[in-house]
Amino acid sequence: MGEVLSELSKDSFGRIGLGVFSLFLLLALVSPLITGDPMLHSTSVLNPPSSEHMLGTNDVGQDIWSRLIRGVRTSILVAVGVGILTTLIGAIVGVSAGLIGGIYDEVLMRIVDALLAIPAIVVLILIASFLRPTLWTLILLISILHWQGGARIMRAQTLSLKERAYISAARAFGAGGGYLILKHVMPGLGPILISSFIYSARMAVFMEAGLAFIGIADPTTVSWGAMMHHALKFYYLPVWKWWLLPPGAALSLLILSFTFLGYSLERIIEPRLRNA
Amino acid sequence: MLEISNLRVRYGESEVLKGINLKVDRGEILSIVGESGTGKTTLGLSIMGLLRERSANASVEGKILLGGVNIRELDERELRRIRWRRISMVFQNAEDALNPLYTVLDQVKEPLAKVCSDEAAEKKARHLLETVGFPPNRIGAYPHQLSLGEKQRALIAMAFICDPDVVILDEPTSSLDLISRGDIIRLLRELGENRAMLLITHDLATAARLSDRTAVLYGGYILELAPTQLLLSEPRHPYTRGLIRSYPDMRRTKDLQGMKGRVEFVEKGCPFYPRCTQAIETCLIKEPELNEIGDGRWIACHRGGIIPLLEVRGLTKSFDTFRAVDSVDLTLFEGETLALIGESGAGKTTLARLIMGLLEPTEGEILLEGKRVGERGKEFFRKVQMIFQNPRESLSPRLNVLEAVREPLDVQGIGAKEERRERVKAVLEEVELPSDERFLSRYPHELSGGEVQRVVIARALVLNPKLIIADEPTSSLDPSVQAKIMKLLNDIQERRGLGMLFITHDVALARKISDRVAVMRSGRIVEEGRSELILSSPSHPYTKALLRAATN
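Protein sequences appear in the order of chains A and B.
The first sequence begins at 30 in our numbering and counts up by one.
The second sequence begins at 72 in our numbering and counts up by one.
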């Protein structure tokens with residue numbers, strides 16, 4: 030891990046991605062120290078930025094700065110949670126199907142096909158609007174609906190890796206299945222795992238923000254999407270400058286950092302790309 | 072005629088002959104071959120009863136029967152009577168064996184002095200000298216006036232003058248040029264009729280042309296005894312094979328190879344074990360006995376001679392209705408290179424993958440060191456390794472040189488981390504690659520084709536396998552690099568007794584590196600045999616076509 034980090038800091042995309050992401054991570058961690066209570070209502074509503082409220086207040090008098098910074102937590106949690114879950118499910122299903130093959134592979138791949146045919150967003154909106162899920166449930170929901178694409182790609186890659194001469198060579202040294210998966214298949218899947226993780230993370234941030242934006246969210250969760258949802262109601266006031274734009278900009282920046290990280294990590298894991 | 076049983080000779084402390092048993096019949100020529108210092112000359116001298124003259128502290132045990140009489144029990148007077156009349160010897164070193172003060176004629180007739188009149192003796196000597204091709208006008212000459220060939224002929228005439236029953240020839244041709252050597256061999260064969268002759272030589276060609284049977288002597292033991300042609304074409308003892316391999320032969324196509332180590336004195340166990348690549352524990356403890364193995368062959372080896380490392384029996388692999396490998400039978404011996412040649416698509420690679428267990432055979436079985444290979448455990452891969460076709464692809468792009476070469480050790484769980492690193496460095500040096508930090512941390516895409524190939528070979532060697540299956544290992548290399556790698560593999564074969572199944576479509580290469588060749592076509596072995604035979608006079612039309620294509 031340390032190696033990956035030091036490699037990351039050598040690459041300019043990696044540096045930017047890592048820097049921005051670390052900044053968000055830091056904000057998420059220290060947010061209680063630099064913000065007030067984001068849920069606290071006050072009588073001063075729809076105030077412009079002032080010394081007391083850095084970004085002013087919203088319609089129920091909550092401090093927008095506090096809500097913006099607390100929102101980082103939500104977005105990162107969703108991103109990392111969904112990223113890990115979808116990649117994990119995808120890898121387990123895809124790699125095992127690729128390696129084991131036969132009926133096992135057939136059954137799993139038909140399930141994947143079925144899931145791919147379902148319009149995930151619609152299902153998600155429907156379920157979410159009924160359940161009004163908490164953040165954790167939302168992470169689980171998004172993950173369950175989004176692992177199939179990754180699984181497919183990982184199965185294909187596993188099938189191709191399985192035929193590589195260096196896997197045969199390792200088998201000819203007496204290597205067993207566990208070793209092959211850990212030492213050769215997984216690293217061979219590395220770039221795909223990373224891009225799957227980044228893709229899912231980005232998608233999850235969008236998805237959560239999107240659901241909150243259209244108003245289907247747990248009202249107790251502080252979320253950038255929910256902020257934008259509420260801010261838009263006051264489009265006729267100049268509050269959008271400090272209520273609508275900051276969460277939008279933060280969202281873009283976070284997503285951009287994921288993109289840069291993914292790009293850079295891929296080059297580290299694939300040494301052949303390094304000098305290219 | 073001559074029978075030697077349990078003959079032991081020691082010079083002071085060291086035992087030079089350790090129980091020799093031999094029998095030579097009338098009309099037979101038996102060769103004793105071996106390197107210098109293995110006791111050949113001592114054997115000849117002890118039969119003659121001349122050991123004491125040579126070394127005062129020599130002691131002899133055992134029986135030497137000449138026509139049923141144990142000459143070991145005779146006193147010096149009786150011995151003198153049979154010496155030369157019934158048993159004579161052509162001494163090594165023609166240069167010094169003649170007395171410089173006598174003329175040739177005098178020396179040749181000397182043994183007859185007490186047998187017949189001087190006239191009769193001279194007549195007989197002249198006749199015999201003529202028979203051996205000694206120039207008649209030179210019979211009055213003194214030894215220093217003679218050429219080496221003439222001296223040798225004079226010595227031979229001397230040995231045969233009394234018409235003895237047994238003649239011992241100690242390196243009778245070693246000082247002669249090739250043409251005189253041919254003459255002398257022809258002559259000796261004529262003179263040898265009706266006698267028992269013992270030919271002591273290190274020259275395998277002389278043994279091959281002169282003798283009916285050959286005994287291989289090493290460290291005071293006879294290690295192998297067999298009809299000469301059989302012994303030379305199919306040696307069964309690893310020492311015999313080493314001897315033949317290091318002997319330049321006009322027909323053999325494989326490069327010269329020696330044996331590891333040098334002649335050394337062994338206190339206990341098989342005398343050859345320090346140089347043997349297939350020695351087991353028993354070889355260190357117990358002396359092997361000379362046992363008959365059929366076809367008039369005898370061998371002294373705890374392992375029953377060169378062991379068959381890999382045996383493939385009736386191996387078949389079908390893909391649906393297509394038979395990629397069709398009932399293939401192959402045997403690969405320890406320390407031997409078997410080239411598998413044939414065009415692409417003949418099933419060579421499939422056969423290799425079947426042996427490695429990367430494919431499941433449809434039928435047939437595989438035996439490793441005589442044991443049937445079932446489920447392949449780690450043990451199997453420690454003994455058998457494969458060098459894959461297309462070396463670059465058989466290296467993971469994500470492993471650097473150190474990791475790639477260490478991988479077999481990691482998989483097998485051999486040694487601690489530091490030890491593994493040392494072994495990697497050692498094996499890299501063995502394949503003539505750098506082993507410094509910079510090279511160790513390189514990735515495959517940073518290496519040249521030759522380097523990648525060597526890394527792959529190093530990976531196959533790092534486990535010290537007994538058998539390597541090499542699938543076109545040099546096809547991607549320049550001839551100069553290929554030559555180096557083949558030399559390296561040959562050296563490793565010499566040092567470790569590595570068996571190699573060498574898959575190639577390059578007939579010229581196969582000819583140069585293999586002991587035996589198997590020709591494969593459409594999944595079948597169509598012809599198999601010693602490389603020099605198959606590749607000089609093939610019998611199968613497909614082999615002929617392959618050869619024609621290769622020579623054009």
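Some clues are possibly wrong.
As a list, the in silico DMTMM-like pairs of lysine to aspartate or glutamate whose alpha-carbon atoms are at most 25 Å apart [said to hold, decoys possible]:
id: 1; chain 1: B; residue 1: K442; chain 2: B; residue 2: E382
id: 2; chain 1: A; residue 1: K39; chain 2: B; residue 2: D254
id: 3; chain 1: A; residue 1: K212; chain 2: B; residue 2: E490
id: 4; chain 1: A; residue 1: K191; chain 2: B; residue 2: E490
id: 5; chain 1: A; residue 1: K212; chain 2: B; residue 2: E517
A few chain B residues that don't get close to chain A, going by computed Cβ distances all over 12 Å [claimed, not checked]:
id: 6; residue: E166
id: 7; residue: E181
id: 8; residue: D189
id: 9; residue: D283
id: 10; residue: G416
id: 11; residue: L438
id: 12; residue: E464
id: 13; residue: E474
id: 14; residue: P479
id: 15; residue: S593
id: 16; residue: E599
id: 17; residue: L618
Short derived list, chain B residues pointing at chain A, Cβ under 10 Å [stated by the list, open to error]:
id: 18; residue: G385
id: 19; residue: T387
id: 20; residue: F390
id: 21; residue: R394
id: 22; residue: L466
id: 23; residue: L470
id: 24; residue: V482
id: 25; residue: R530
id: 26; residue: M557
Hint data in this document are derived by calculation from the structure and do not stem from the laboratory.
For each residue, glycine too, the CB sits at the ideal point set by N, CA and C.
Here is how each hint holds up against the structure:
With a C-alpha separation of about 9 Å, the suggested pairing of K442(B) with E382(B) holds against the 25 Å cut-off. In summary, the hint linking K39(A) to D254(B) is not supported, as the alpha carbons are separated by about 82 Å, beyond the 25 Å threshold. A hinted pair counts as satisfied when its Cα atoms are at most 25 Å apart, and K212(A) with E490(B) qualifies at roughly 21 Å. Distance hint between K191(A) and E490(B) is unfulfilled; the C-alpha atoms sit about 31 Å from each other, more than 25 Å.
Between K212(A) and E517(B), the direct Cα distance comes to roughly 21 Å. Compliance with the 25 Å bound is thereby established for this hinted pair. Every C-beta of chain A lies more than 12 Å from that of E166(B), the closest at about 59 Å, which supports listing it as non-interface. For E181(B), the shortest C-beta to C-beta distance to chain A comes to about 72 Å, beyond the 12 Å cut-off, and the non-interface label holds. Distance to chain A confirms D189(B) as a non-interface residue, since its nearest Cβ pair spans about 81 Å, more than 12 Å.
With a least CB separation of 48 Å from chain A, D283(B) remains clear of the 12 Å interface cut-off, as annotated. With a minimum CB-CB distance of about 18 Å to chain A, G416(B) clears the 12 Å threshold, and the non-interface call stands. Non-interface call for L438(B) relative to chain A: holds, since the shortest CB-CB distance, roughly 19 Å, exceeds 12 Å. Distance to chain A contradicts E464(B) as a non-interface residue, since its nearest Cβ pair spans about 4 Å, not more than 12 Å.
Not every CB of chain A lies more than 12 Å from the CB of E474(B), the least distance being 9 Å, so the non-interface label is violated. Residue placement check: P479(B) does not keep its beta carbon more than 12 Å from all beta carbons of chain A (closest about 4 Å). Listed as outside the interface, S593(B) is consistent with that label: its C-beta sits roughly 24 Å from the nearest C-beta of chain A, beyond the 12 Å cut-off. No beta-carbon of chain A comes within 12 Å of the beta-carbon of E599(B); the shortest separation is about 25 Å.
Every CB of chain A is more than 12 Å from the CB of L618(B) (nearest about 31 Å), matching its label as outside the interface. The beta carbon of G385(B) is not positioned within 10 Å of any beta carbon in chain A (closest approach about 23 Å), and the interface hint is therefore violated. Hint status for T387(B): violated, given a least beta-carbon distance of 21 Å to chain A, over 10 Å. Interface restraint check: F390(B) against chain A, minimum CB-CB distance 15 Å, threshold 10 Å, status violated.
Hint on R394(B) is violated. Least Cβ distance to chain A is approximately 22 Å, over the 10 Å limit. With 10 Å as the threshold, the beta carbon of L466(B) comes within range of chain A, its nearest partner Cβ sitting at about 6 Å, so the hint holds. A hinted interface residue such as L470(B) counts as satisfied when its beta carbon comes closer than 10 Å to some beta carbon of chain A; here the least separation is about 8 Å, so the hint holds. Annotation: interface hint on V482(B) holds; nearest CB of chain A at approximately 4 Å, less than 10 Å.
Satisfaction of the interface hint for R530(B) is found here, the shortest Cβ-Cβ separation to chain A being roughly 7 Å, below the 10 Å cut-off. A hinted interface residue such as M557(B) counts as satisfied when its beta carbon comes closer than 10 Å to some beta carbon of chain A; here the least separation is about 21 Å, so the hint is violated.
When held up to the earlier numbered hints, the structure conflicts with 2, 4, 12, 13, 14, 18, 19, 20, 21 and 26 and fits the remainder.
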